[in-house]
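S.K.: Residue strings, one per chain:
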Amino acid sequence: MTDRPENEGLDVQTIDPAAPPPPAAGEIPVDKPVSTFRLVATLAVAGAVAGLLIVLVNLHTKPIIDAYRAEQLKLAVYEVLPGATRYRTLYLVDGALAAELPAGAKASDYRQAYVGYDDAGQRVGVAASRGESGFQDVILVIYGFEPDSGVLLGMKVLESKETPGLGDKIFKDQDFVGQFFARPQTPLITVKAGAGKGLPGEIDAITGATISSKAVVGIINHGLAEWQPVLAQGIPEEAP
Amino acid sequence: MRTTTPSQDFVRGIWRENPVLIQMLGLCPALAVTNTVKNALAMSAATIFVLTCSSVLISSVKKLIPKEVRISAYILVIATFVTLADMMLQAYAPVQHKELGAFIALIVVNCMILGRQEAFSSRNTVYRSLLDAIGTGIGFTIALVMMGGFREILGIGTFFEIPLFGPNFEPWVVFVLPAGGFLTLGFIILAMGYHAERKKAREAATA
Amino acid sequence: MSDQTLFSIFFSAMVVNNFTLALFLGLCPFMGVSARVETALRMGMANIFVLVLTSISAWFLNTYILVNAPYLRIISFIIVVASLVQVVEMVIKKVSPVLFRQLGIYLPLITTNCAIFGLAIFQTNRGYDFLQGFVFAIGAGLGLTLALVLMASIRETSELSDIPAIAKGTGLTLIIAGSLSLAFMGFAGLL
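Protein chains in written order, with this note's numbering: chain A, 1 to 240; chain B, 1 to 207; chain C, 1 to 191.
Quick caveat, the hints were computed from the structure, so don't treat them as lab data. For clarity, every value in this text was computed on a predicted model and none was experimentally measured. A portion of the hints provided could be inaccurate.
The calculated DSSO-like cross-link candidates involving lysine-lysine, where the alpha carbons are at most 30 Å apart (straight line), are [as the list claims (entries may be wrong)]:
| id | chain 1 | residue 1 | chain 2 | residue 2 |
| --- | --- | --- | --- | --- |
| 1 | B | K200 | C | K168 |
| 2 | B | K199 | C | K93 |
| 3 | A | K62 | B | K200 |
| 4 | A | K74 | B | K67 |
| 5 | B | K67 | C | K94 |
| 6 | A | K192 | A | K214 |
| 7 | B | K98 | A | K172 |
| 8 | A | K214 | A | K197 |
| 9 | A | K106 | B | K98 |
| 10 | A | K62 | A | K106 |
| 11 | A | K172 | A | K106 |
| 12 | A | K161 | A | K106 |
| 13 | B | K67 | A | K161 |
| 14 | A | K62 | A | K161 |
| 15 | A | K156 | A | K172 |
| 16 | A | K197 | A | K172 |
| 17 | B | K199 | A | K156 |
| 18 | A | K192 | A | K106 |
| 19 | B | K98 | B | K38 |
| 20 | A | K161 | A | K214 |
| 21 | A | K156 | A | K62 |
| 22 | A | K172 | A | K192 |
| 23 | A | K197 | A | K74 |
| 24 | A | K172 | A | K214 |
| 25 | A | K156 | A | K106 |
| 26 | A | K74 | B | K98 |
| 27 | B | K67 | C | K168 |
| 28 | A | K172 | A | K161 |
| 29 | B | K38 | A | K62 |
| 30 | B | K199 | A | K161 |
| 31 | A | K74 | A | K192 |
| 32 | B | K200 | A | K172 |
| 33 | B | K38 | A | K156 |
| 34 | A | K74 | A | K62 |
| 35 | A | K192 | A | K156 |
| 36 | B | K98 | A | K214 |
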């Protein structure tokens, strides 16, 4: 760029949107208009750098997050299927159980059931999770059951935002939770504590948290109603 | 020209211009995640991280950002650091991440952070912006821990999960509920207003 | 996809887990809304409109674009929200200049309104599909409007009362909000 003569008189600046603004000889005046290209370019560069940074950190953290999630699921499955030491995942694809997903499908789009096996290789039971509205917000429960007899093996509340001190007893009160382990009869019926007839399918609700208790029972009943017919068709064999 | 000293830039955000209690910015996280002290500290840590990194970065490149797109650029920077904070929290403190939930992502719309960029970082040196960010962050932490402490002590009976009262303590559950968040902040504001009135009356009396 | 019924999503978003009184979203307009019911109503309506558009955009992004890059979620959401509000502002300006003038400063404020961004994030975390998200947005918007109108009408009435000086302003607003929040807790368990 050649040097401009000292005094050019009127200095007309034309803005060419396609070209970057010419470098000024001295200070950049405050109200000099900036070309659209420069605006877009700045944001594009910023976006690219941001994207790169995020991708790098993601590469580092994703394995850690996935491992933690898998571990939590494993612990939950073992808790509701007492005696299980390993499990495998089955997917509900088009109304039937499948051991594998169709090519390119995302696991989270499909209902999943977890079949648990003990050390001897015997099937302990099946576990599944379900979320429905409780008193305050959605309660997420994982429950384990024996598909042939319908016996409820266990349950664990995974997520709940129920009222502290009342509704949160659904996972804090061990007496309440214990009722769901080795319960011989399903579907379950909620009864007020002490008012039950002693039937095998009865669950005593928590005093002062009837709705939360009923919600947990409802979740398990609905879940069983959904899975039992499907499982009755048979569980796909494991690949050797 | 900047007429304040570096230490003034630092101290200002801690109390006198406290972002939550005086400027009333960043109320969403202040009310939502202060049901326990642990949550309050986790949220404060994440926010300080985002605020400090954003301030330093924006202050370093302030000359490169055209005025017209500055808000979009600030938001882009802030959103990036929030994403990083979210990922790292999920990897290294998964329990806390679950408790804070969606509110980590909501740091990106915390008026306080955008406000500091617009009001300070975009016009000052990196060093001063760093001080301003840390000072504001400390002020934010103080406000949140105050709220968290009040709510946890009265609502659960513990402080940072350490039980303070005997087993016969009947917790005042309302304080860990959403209503309690509003009430707690309201009481704190009222107390501060009362204190300011008394101070003014004292000064008027001795004048 | 979530197991909740459409009605329970709608009702929950509107009253049981009201966006403002239970989830603490949308506080900026809530605290600063003038003590005039009419303005509150208009602000609420504008919010509903932006919320529904955001819900649809978020669903679209989640389903088609972010599938392979979930970590870009926050950035893409905030860009969409900011652009959406700009577009809505331009549309209102053109279609109804009267409305535009009446809304005044409130429109740009919707961008940093936690509620809009919060809706996108909550919708994603709960895995709502298109219809569930749509219903969620309407419920949330109506709930926001309800909270705004209630607060405005209470403040309108309280202007005639004798309030101690230190309580005037934010202190009183927060206590009122706390009472409203407590009242809304009565809706829990209705489903």
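S.K.: So, for every hint listed, does it hold in this structure?
M.R.: Here is how each hint holds up against the structure:
The hinted pair formed by K200 (chain B) and K168 (chain C) meets the criterion: a straight-line CA distance of about 17 Å does not exceed 30 Å. With a C-alpha separation of about 48 Å, the suggested pair K199 (chain B) and K93 (chain C) falls outside the 30 Å cut-off, and the hint is violated. Taking the CA atoms of K62 (chain A) and K200 (chain B), the gap is near 55 Å; set against the 30 Å cutoff, the hint is violated. Among the hinted pairs, K74 (chain A) with K67 (chain B) is inconsistent with the structure: their alpha-carbon atoms are about 52 Å apart, more than 30 Å.
Of the supplied pair hints, the one linking K67 (chain B) and K94 (chain C) holds, its CA atoms being roughly 26 Å apart against a limit of 30 Å. Straight-line distance between C-alpha atoms of K192 (chain A) and K214 (chain A) comes to about 10 Å, which keeps the hinted pair within the 30 Å bound. For the given pair, K98 (chain B) sits about 18 Å from K172 (chain A) by alpha-carbon distance, which is consistent with the 30 Å threshold. Of the pairs offered as hints, the one joining K214 (chain A) and K197 (chain A) holds, with about 17 Å between alpha carbons and a cut-off of 30 Å not exceeded.
For a cut-off of 30 Å, the pair hint linking K106 (chain A) to K98 (chain B) stands: about 23 Å separates their Cα positions. About 17 Å separates the Cα atoms of K62 (chain A) and K106 (chain A), which keeps this hinted pair within 30 Å; it holds. With a CA separation close to 34 Å, the supplied pair K172 (chain A) and K106 (chain A) exceeds the 30 Å bound. For the given pair, K161 (chain A) sits about 28 Å from K106 (chain A) by alpha-carbon distance, which is consistent with the 30 Å threshold.
A hinted pair counts as satisfied when its Cα atoms are at most 30 Å apart, and K67 (chain B) with K161 (chain A) does not qualify at roughly 45 Å. About 27 Å separates the Cα atoms of K62 (chain A) and K161 (chain A), which keeps this hinted pair within 30 Å; it holds. About 11 Å separates the Cα atoms of K156 (chain A) and K172 (chain A), which keeps this hinted pair within 30 Å; it holds. Distance check on the hinted pair: K197 (chain A) and K172 (chain A) sit about 25 Å apart at the alpha-carbon level, within 30 Å; holds.
A distance of roughly 55 Å separates the Cα atoms of K199 (chain B) and K156 (chain A); the hinted pair therefore is violated under the 30 Å criterion. With a CA separation close to 42 Å, the supplied pair K192 (chain A) and K106 (chain A) exceeds the 30 Å bound. Between the alpha carbons of K98 (chain B) and K38 (chain B) the distance comes to roughly 13 Å, so the proposed pair stays at or under 30 Å and holds. As the CA atoms of K161 (chain A) and K214 (chain A) are separated by approximately 15 Å, the hinted pair is consistent with the 30 Å bound.
Distance restraint check for K156 (chain A) and K62 (chain A): the Cα-Cα separation of roughly 26 Å lies within the 30 Å cut-off, and the hinted pair is therefore satisfied. Note on K172 (chain A) and K192 (chain A): the hinted pairing holds, with a Cα-Cα distance of about 18 Å set against a maximum of 30 Å. At roughly 36 Å between alpha-carbon atoms, K197 (chain A) and K74 (chain A) are farther apart than 30 Å, so this suggested pair is violated. The straight-line distance between the Cα atoms of K172 (chain A) and K214 (chain A) is roughly 16 Å, inside the 30 Å bound, and the hint therefore holds.
Pair hint K156 (chain A) plus K106 (chain A) holds up; C-alpha atoms about 25 Å apart against a cutoff of 30 Å. For the hint pairing K74 (chain A) with K98 (chain B), the CA-to-CA distance comes to about 18 Å; that is within 30 Å, so the pair holds. Restraint check: the Cα-Cα separation between K67 (chain B) and K168 (chain C) comes to about 38 Å, which exceeds 30 Å; the hinted pair is violated. This hinted pair checks out: K172 (chain A) and K161 (chain A) have alpha carbons roughly 13 Å apart, not beyond 30 Å.
As the CA atoms of K38 (chain B) and K62 (chain A) are separated by approximately 25 Å, the hinted pair is consistent with the 30 Å bound. Distance check on the hinted pair: K199 (chain B) and K161 (chain A) sit about 43 Å apart at the alpha-carbon level, beyond 30 Å; violated. Restraint check for K74 (chain A) and K192 (chain A): not satisfied, since their Cα atoms lie roughly 33 Å apart, outside the 30 Å limit. The hinted pair formed by K200 (chain B) and K172 (chain A) fails the criterion: a straight-line CA distance of about 50 Å is larger than 30 Å.
In summary, the hint linking K38 (chain B) to K156 (chain A) is supported, as the alpha carbons are separated by about 25 Å, within the 30 Å threshold. Taking the CA atoms of K74 (chain A) and K62 (chain A), the gap is near 18 Å; set against the 30 Å cutoff, the hint holds. About 21 Å separates the Cα atoms of K192 (chain A) and K156 (chain A), which keeps this hinted pair within 30 Å; it holds. Of the supplied pair hints, the one linking K98 (chain B) and K214 (chain A) holds, its CA atoms being roughly 25 Å apart against a limit of 30 Å.
Hint violations for this structure: numbers 2, 3, 4, 11, 13, 17, 18, 23, 27, 30, 31, 32, all remaining hints satisfied.
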